[in-house]
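*Asks:* What follows is each chain in one-letter form.
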Amino acid sequence: MLIMVFVSLVERAPDGGVVWGRFTTVAYTQFFYEENLLGEMSFNSDYMQIYLRSILLAGFTVLATFVVGFPTAMYVAMQEPGRRALLIFFLSLPFWVNLLVRNYAWLLLLRANGLLDQALMGLWITSEPLNILYSNTAIAIGLTYSFLPLMVLPIYAAMEKFDFSLVEAAFDLGANRVQVLMHVIIPGVKGGIIAGCLLVFIPGLGSYVTPVLLGGSKSLMIGNLIEAQFAAARNWPFGAALAFVLLLMVVLAALLRALLLRHRQRVAP
Amino acid sequence: MKLRTLILATLLSAVAVGGAIAQEADKKVNLFFWPGYIPDELLERFTEETGIAITMDIYDTNEALLAKLQAGATGYDVVIPSGYILPTMIKQGLLQKFDSPDLPNGDKIAPAFADPEFDPGRAYTAPYMWGTTGLVYDSAKTDGELPQSWSVFFEPGPLSGKIAALDDEVEVFNAAAYYLGFDKCTEDPKEGQQILDLLSKQKPDLLLYGSSGTIDRVLAGEVAMHHIWNGAAHRIRNSVETARYIYPKEGITQWADNLSIPSTAEHPENAKIFINFLMDPKNVAEITNFTGYMNAISGSDEFLKPEIAADPAVNMPAEFADRLRPGRECSPAARDLRNKIWTRLKK
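Protein chains in written order, with the numbering used here: chain R, 1 to 269; chain B, 270 to 616.
So here's chain R without its partners, still in its complex pose (with noise of 0.2 Å):
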């Protein structure tokens, strides 16, 4: 890491590598300026886009991996025993394959008079192909998909350690439905809850093979600008000024995730 950040603040070679011992913060004005013509400095927002993009399609993962995870773990959860171990080996079971073949398989699976249109089309639900594939959907999906069991993961462990008697006594308290989830489960199993959304976000924001092979790599994402970094542009120090911020936020993922548990830790006595 510290030769990351040395990386990022000395002056690159010109076909590639670093100038080693000569400092200089070009890169880190480069991600917010560019020089113009007449060698003026404008403000130039195509890199704050592209992490802003990838910031939100990683909120979104978490999102909806926590719409689909949060059940999920507390169907698992609310099984007795010898299942939830079956149910749970079923969850990890993707983990088995390799990230990018699962990407293939969705590949096939969305792909125009792929496997999902011919059933869909079979079953004369729809009459031509959806063309979901190269699309933001078709990322969100493969996102989803890929995320999933580490957010599952983290939840029902945090459920597994929680008194269920507890939802039993808010019922006998006159607690409806909707106040026994947002008062009583919800706050039991929050470690867990933020545990599995910064375990989905920080890959998020890294991801590169979902969007290249599903989304059709129309829009950049930090992964994929960083690469170009160090492969096409051969600008090393730029590259490592990029990385370098998207440790930042990272960090700072990982600091609220601190704070809100200070916070929890402080109401609870």
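Derived from the structure by calculation, the hints contain no laboratory data.
Treat each hint with caution, since some may be false.
[Unchecked claim] Here are the computed lysine to any residue pairs in the SDA-like style, where the Cα-Cα straight-line distance is at most 25 Å:
#1 K218/R to A501/B
#2 K360/B to E11/R
#3 K470/B to S45/R
#4 K337/B to S600/B
#5 K609/B to G206/R
#6 K218/R to P473/B
#7 K218/R to R53/R
#8 K453/B to F589/B
#9 K574/B to N507/B
#10 K551/B to D376/B
#11 K609/B to V5/R
#12 K616/B to F423/B
#13 K472/B to I141/R
#14 K518/B to R592/B
#15 K410/B to F423/B
#16 K297/B to T533/B
#17 K609/B to F43/R
#18 K431/B to L120/R
#19 K161/R to F89/R
#20 K616/B to Y28/R
#21 K609/B to V10/R
#22 K431/B to A112/R
#23 K360/B to Q339/B
#24 K218/R to K431/B
#25 K609/B to G223/R
#26 K616/B to L56/R
#27 K218/R to Q462/B
#28 K609/B to S135/R
Starting from the known structure of chain R, arrange chain B on it as the hints suggest.
*Replies:* Below, chain B without anything else, positioned relative to chain R:
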């Protein structure tokens, strides 16, 4: 066949004993290669004939190779850099001199490839495969044959939405530069702006940018036209009779891969034996038959599969020779401009 092999083996061992290329005591050679770029049978035959064992590592871009050698990677004896990146690698002292024309098979290098701009006199390289980055389309899905021009790619009309471009900054930028008649290493922001305008206008007509699964995409009928490497176009034609390859009249990028020996190689003599083996017309024809890319060795034609010899995508008709534009290394300023345009196109 058997006799040939025997003769070759005898010749090679004679060469080895004769001292032109002396084998090293450590009978190993370590390759650092592109994936799927050489048939396994040929590697096995090399080991059988010379007793030199081969290990192979894989990389996927020239930039990855450059970064690895710059970072001081050791243990690779033969690498396979493309022409455009060679001046950089030679200048930085990453490769060692071995004068491929002086190897036993050195006189078999085709004249057109004997003195390339990126390595005058072939001091640091021997030629491997070469090819072009053009367009493939299915003539059954268009109104007959299309003109030999980038216009069908940038102004597709009825094909809109059924086109894929390579997800490759350099190739996409080059295509636009050829079409507009600019130097592909332009440093002029005004020309850059025109290239960006052209690419932005084209973007909605594209179904996607994608460099992997190109063959599949055409075979599955997802796209009717694909910006593509010619070897892939050949493999498409093997399945789709009506597939056609375009050599645009505005210019087409020609890439040429080369065999080189890193200066950190541990078995440079074995590397020379291996490179010489790959400069034999029959051996190199086997590679062309496997990859679908043309080689640069005279006399290999008679060993080619008929469907390769007959496909214009691989065996380029001579009249297109003046459309070839060798890949070139651009200045840092030109690279920055290109990357800025690519980033803005996809922001």
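*Asks:* Could you run down the list of hints and mark each one as holding or not?
*Replies:* To see whether the hints hold, each was checked on the structure:
1. For the suggested pair K218/R and A501/B, the alpha carbons sit about 22 Å apart, so the restraint of at most 25 Å is met.
2. In summary, the hint linking K360/B to E11/R is supported, as the alpha carbons are separated by about 20 Å, within the 25 Å threshold.
3. A distance of roughly 21 Å separates the Cα atoms of K470/B and S45/R; the hinted pair therefore holds under the 25 Å criterion.
4. This hinted pair checks out: K337/B and S600/B have alpha carbons roughly 21 Å apart, not beyond 25 Å.
5. For the given pair, K609/B sits about 21 Å from G206/R by alpha-carbon distance, which is consistent with the 25 Å threshold.
6. For the hint linking K218/R to P473/B, the alpha-carbon distance of about 10 Å falls within 25 Å, and the restraint holds.
7. As the CA atoms of K218/R and R53/R are separated by approximately 12 Å, the hinted pair is consistent with the 25 Å bound.
8. Annotation: proposed proximity of K453/B to F589/B holds, straight-line Cα distance about 20 Å (limit 25 Å).
9. The suggested pairing of K574/B with N507/B holds, with an alpha-carbon distance near 12 Å, which does not exceed 25 Å.
10. For the suggested pair K551/B and D376/B, the alpha carbons sit about 15 Å apart, so the restraint of at most 25 Å is met.
11. The suggested pairing of K609/B with V5/R holds, with an alpha-carbon distance near 23 Å, which does not exceed 25 Å.
12. Between K616/B and F423/B the alpha-carbon distance is near 20 Å, which keeps this suggested pair within the 25 Å criterion.
13. For the suggested pair K472/B and I141/R, the alpha carbons sit about 23 Å apart, so the restraint of at most 25 Å is met.
14. A hinted pair counts as satisfied when its Cα atoms are at most 25 Å apart, and K518/B with R592/B qualifies at roughly 6 Å.
15. For the suggested pair K410/B and F423/B, the alpha carbons sit about 18 Å apart, so the restraint of at most 25 Å is met.
16. Only pairs whose Cα atoms come within 25 Å are accepted, and K297/B paired with T533/B is accepted, the gap being roughly 15 Å.
17. With a C-alpha separation of about 14 Å, the suggested pairing of K609/B with F43/R holds against the 25 Å cut-off.
18. At most 25 Å may separate the alpha-carbon atoms for a hinted pair to count; K431/B and L120/R meet this at roughly 22 Å.
19. Annotation: proposed proximity of K161/R to F89/R holds, straight-line Cα distance about 19 Å (limit 25 Å).
20. For the given pair, K616/B sits about 18 Å from Y28/R by alpha-carbon distance, which is consistent with the 25 Å threshold.
21. For the hint pairing K609/B with V10/R, the CA-to-CA distance comes to about 21 Å; that is within 25 Å, so the pair holds.
22. For the given pair, K431/B sits about 11 Å from A112/R by alpha-carbon distance, which is consistent with the 25 Å threshold.
23. Between the alpha carbons of K360/B and Q339/B the distance comes to roughly 12 Å, so the proposed pair stays at or under 25 Å and holds.
24. For a cut-off of 25 Å, the pair hint linking K218/R to K431/B stands: about 15 Å separates their Cα positions.
25. Taking the CA atoms of K609/B and G223/R, the gap is near 16 Å; set against the 25 Å cutoff, the hint holds.
26. With a C-alpha separation of about 14 Å, the suggested pair K616/B and L56/R falls inside the 25 Å cut-off, and the hint holds.
27. Restraint check: the Cα-Cα separation between K218/R and Q462/B comes to about 19 Å, which is no more than 25 Å; the hinted pair holds.
28. Between K609/B and S135/R the alpha-carbon distance is near 24 Å, which keeps this suggested pair within the 25 Å criterion.
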